[in-house]
Each structure stands twice: as C-alpha cells, then as structure tokens.
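*Asks:* Each protein sequence line maps, in turn, to chains A and B.
Read in order, the letters of the first sequence are residues 1 to 145 in our numbering.
Read in order, the letters of the second sequence are residues 146 to 446 in our numbering.
Note that these hints are calculated values from the structure, not bench results.
Mixed in with the good hints there might be a few duds.
Stated by the list, open to error - Straight line, CA to CA, 30 Å or less: simulated DSSO-like cross-link-like pairs of lysine-lysine:
| # | chain 1 | residue 1 | chain 2 | residue 2 |
| --- | --- | --- | --- | --- |
| 1 | A | K102 | B | K311 |
| 2 | B | K311 | A | K31 |
| 3 | B | K280 | B | K378 |
Stated by the list, open to error - One side of the interface only, derived from the structure: several residues of chain A facing chain B at Cβ under 8 Å:
| # | residue |
| --- | --- |
| 4 | K31 |
| 5 | K66 |
| 6 | Y93 |
Unchecked claim - Stretch by stretch, here's where chain B covers chain A in the computed footprint (C-beta under 8 Å, at least three residues):
| # | stretch |
| --- | --- |
| 7 | 43 to 52 |
| 8 | 69 to 75 |
| 9 | 94 to 106 |
| 10 | 119 to 126 |
Computed from a predicted model, the values in this text were never measured in an experiment.
For every residue, glycine included, the Cβ atom is placed at its ideal position computed from N, Cα and C.
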Amino acid sequence: MNKLKISICFLVLAAMSITGSKIHATEAGAKAEAQRIANALSSWGWDFRSYYSWGTLDEGESSVFKKTFYSGNEYVLVAGGCEYASDVDLEIYDGNYNLIGKDSNAGKAAAVTFSPSWTGEYYIKVKMYDATSTGVHWVLQYGYR
Amino acid sequence: MNDNAGKQVINRLTLNTKSQMKILASSMVLSLLIFSACSDAKKGDSGSTDTSSTETADTTAAEKPTPTLDSSATASAEYFMPSPGEIFSAMNKLDEVNWMENATLLEENSFEENDAQSFWMGVCVADAFMAIQAKDNENLSDMNMLIFDFAKNLGIEESLEESRNKLEEMNTNQNWESLTSGVDNVYTDFINGLDSVQGGDKLLAYSSLGGWAEGVQVIGTHVSNNFNQESAKLLFADNVVNELVSRMEGLSVDDEAQKTAILDELTKIQTVIADNSDNITKESVDQLVAGANSILSTMKS
Chain A
1 MNKLKISICF LVLAAMSITG SKIHATEAGA KAEAQRIANA LSSWGWDFRS YYSWGTLDEG
61 ESSVFKKTFY SGNEYVLVAG GCEYASDVDL EIYDGNYNLI GKDSNAGKAA AVTFSPSWTG
121 EYYIKVKMYD ATSTGVHWVL QYGYR
Chain B
146 MNDNAGKQVI NRLTLNTKSQ MKILASSMVL SLLIFSACSD AKKGDSGSTD TSSTETADTT
206 AAEKPTPTLD SSATASAEYF MPSPGEIFSA MNKLDEVNWM ENATLLEENS FEENDAQSFW
266 MGVCVADAFM AIQAKDNENL SDMNMLIFDF AKNLGIEESL EESRNKLEEM NTNQNWESLT
326 SGVDNVYTDF INGLDSVQGG DKLLAYSSLG GWAEGVQVIG THVSNNFNQE SAKLLFADNV
386 VNELVSRMEG LSVDDEAQKT AILDELTKIQ TVIADNSDNI TKESVDQLVA GANSILSTMK
446 S
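Please work from the sequences and hints to get the whole structure.
*Replies:* Structural data, given as structure tokens:
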C-alpha cells in the first residue's frame, strides 16, 4: 500500500511537472530578449530609447512601421520574440521600398544597424518567420549614435 | 508445510512481491518518462529552437523568400515618432551649434490647461536634450525639475520619479554618455504615464508638437544664420509634420480656435516643405521657423 502511494506520488509529481512546464509567453519575455541584445550593444556606444513598440504575430505574419531617420546618425534596430518565437526577422527599407538592411538569421532576436543616406521616411518590418504557437509576442526598439 | 508447499508459498509471495515491484517500477518509469518528456519540452522551446535553428539556419538561408515590401503593406503602417534627441544628435555632427542661445528655457510652469502642460513639457524635453548637447548641467537640471512639475500637475509624477532622480544623479556626476538615455527614459515614462490620464492620446499629441516646434525653432534659427543644405534637410522631413497634422486633426479639444490656429500653421509648413524639399533655401527655412514660433506663441496665450 505504501508502495502504491509512492507510485501515485510520482504520478502526481509528473502531472505537476507537465502543467508547470507550460511557459507563459509575454510581452515581458519578448522585451527581455530584445533588451538582452540592446544591453550588449549599449556598451558599444549606442543610446537605446526606452520607448518601444510591441505586438503579437502568428507564424509567417509581419508588422510594418514607418519612421523618420536622420542622416548623420547611425541607427540600430532590435526585435525580440517571446518564448514561443523561434525565428524573428527584421528588414529595413527606404522610402522607395528598397531593402537597405536585414537580419534573416534564425533566432529569437534580430538586429540591424544602418546609416541613413538621407533624412526621410523609412520602413521597418518585423517578421515572425517561425514560431511554436500563435499570437507570439514581439518587441521592437531602437538606438542611435 | 512440505517443501513444495513452502516453495509454492514462497513463489506466490515472491510473485506477489515481484508483481508489486513491477507495478511500482512501471509507475516510476512511466513517471520518469513523463517527467523527462516535459523537461525535453522545456529545453525544446529554447533547445529545439537552438537545434532547429541550426537546421533552420542551414535550410532557411536557401528557403527564405527574398524580402519585399510594397505600398499595400505600408498603407496602414504605424508611425514611430522620433525622439527630439535624434535630430539634435544629427545636427551636432553637421555643425557647431550654440544650443542654449535660442532655446526657450522656460523658467516656470504658469500654465493651467492640461493641453498646455503637455505641450510645454515637450518643449522642456527638447531643451533638456539640447542642454546635453551643450553640456549645460544647470539648464538640464532646471528642465528636469520643470518636466517633473508638469507631470505632477497632470497627476503622473509617480511614473517619472525614478527616472527623474536617476537623471539628476547622472547630471550631478556629469555622466554625459548616459544622459541622452536618461532624458529619453524620463520622456518615455511621461508617455507611459499618460496612459492613465483621461485624454492621454491628446496630451501625447501636444507634447510631441511642443518638442517638434522647439526643435524646429532652435535648429531653424541656427541654419538660417549659418545656412547650408545638409543641415537644412534635417528640418524638411515632411513625414514628422504629416504625423503631427494627422494626430491634431483627430483630437477632440476644448479650445477649437487654438487647434485651428495650430493646424493652419502646420498646413503652411507642409506646403513649404513640399515646395522646397528639392532645393531648400534660407527663405524656406525662415518660413519653417516662423511657423514653429507661431505655434509656440499660440500655446503661450
């Protein structure tokens, strides 16, 4: 009987470990991923804005932003995905939709640096190339110097 | 009990014990299997990401389509408003500017309406960034104090307390490398604090307007007095003005006359930019400065 109880305990523990292992993906998780890259880059003289954009995407989906970049500055953009993100890509286009920078390497985070040739409107595309769930959180932040 | 019976009893006991042990062992194995499967799932969310990323990296480079973008994707793209610090940083690389010469440098918060509080807070943020460019501790400290005062009047001082104290500390230590981020953190906390204020979107629009008007006024005045095309181009980013117009148009305000006056100036500025961006002249820069000053005057009254 005691042995039966022990085996039940093992099964209960196993059941708890199943529920305990479910990761709750959040904006905070995505922010932490982007911040990890930003912190590393900050030591190289980049001023990162604490202001950031965020959202959720399904696999294959993208979010596009437009932003004015000033010639003379260098910029770095960092996108991070939460625990359910497998591959986040980042693309930068000029106002004529010419691709001028990208990070399409596999990984939860992507980073692109570039120096705008002219002051004007550019487009930033965050793509959730691969994910293990739907509604995956992502964060986009940028720095300049 | 003969030996055979005894053996049978022993066998049965052994069998029962063995059965129980088998059950126990099976349960433990099953439990361990389930447990290790869960652990693999945990690792798999990052580990299989790592391994699959290796596989994916090998296949992805060949499989990923060529990145493209067109107008259908950008039509509803959200605009990422630049920080005032960006234009000042770019300007500083192009020319030597006496930043404090034409900065407004408000001395006190004498405004009552929330719209005005936000607008002038934006002006003070711009002046704070300029004080950093000028390495002017005193004016930076004054602007930091005023920004906090505006936040208090809007009831969001708690959002800024930490970043404001940190900025003051960095300023005291003359930690110039970090001060730009310090001011930006204060501004970001202000923006986030507005989420809890009724009409927060409107106040955010006014603070953006204030920061932009101050930037155009200061940089424009310098460029007008020391004209060169490259510096002037920083002012002719029409998308910032377009965004400001779009935000202002959508606002529900108490003072419609004030809003109309602001929109009129912004529209004039849009026209100046559209007509002159291919060949910027000193006169067109002066028109931008006049428009920005007009908006600053409108908000003072």
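*Asks:* Using a Cβ cutoff of 8 Å, are there at least 3 residues of the stretch 94 to 106 of chain A near chain B, or does the coverage claim fail?
*Replies:* That given contact holds, which follows from 6 residues of the stretch 94 to 106 of chain A lying within Cβ reach (below 8 Å) of chain B.
*Asks:* K311 (chain B) and K31 (chain A): Cα distance at most 30 Å?
*Replies:* Since the Cα atoms of K311 (chain B) and K31 (chain A) sit roughly 22 Å apart, the hinted pair holds (cutoff 30 Å).
*Asks:* Given that the stretch 119 to 126 of chain A was listed as covered by chain B, double-check it with a C-beta distance under 8 Å for 3 or more residues.
*Replies:* Three-residue rule met by the stretch 119 to 126 of chain A, so holds; n is 6.
*Asks:* Tell me if the straight-line CA distance from K280 (chain B) to K378 (chain B) falls inside 30 Å.
*Replies:* At roughly 25 Å apart (the allowed maximum being 30 Å), K378 (chain B) and K280 (chain B) satisfy the hint.
*Asks:* Check, residue by residue, whether the stretch 43 to 52 of chain A contains three or more positions whose beta-carbon lies closer than 8 Å to a beta-carbon of chain B, and give the verdict.
*Replies:* holds (count 6)
*Asks:* Examine the stretch 69 to 75 of chain A for residues whose CB is less than 8 Å from any CB of chain B, and state whether their number is three or more.
*Replies:* That given contact holds, which follows from 5 residues of the stretch 69 to 75 of chain A lying within Cβ reach (below 8 Å) of chain B.
*Asks:* If you draw a straight line from the CA of K102 (chain A) to the CA of K311 (chain B), is it 30 Å or shorter?
*Replies:* violated (35 Å)
*Asks:* Against chain B, run the beta carbon of K66 (chain A) and see if the smallest gap drops under 8 Å.
*Replies:* holds (5 Å)
*Asks:* For the restraint on Y93 (chain A), tell me whether the closest CB of chain B is nearer than 8 Å.
*Replies:* Holds - the Cβ of Y93 (chain A) comes within 8 Å of chain B, reaching about 5 Å at its closest.
*Asks:* Given a cut of 8 Å on the nearest C-beta pair, is the interface hint for K31 (chain A) held or broken against chain B?
*Replies:* Because about 13 Å separates K31 (chain A) from the closest Cβ in chain B, which is outside the 8 Å limit, the hint is violated.
Checked against the numbered hints above, the structure breaks hints 1 and 4 and satisfies the rest.
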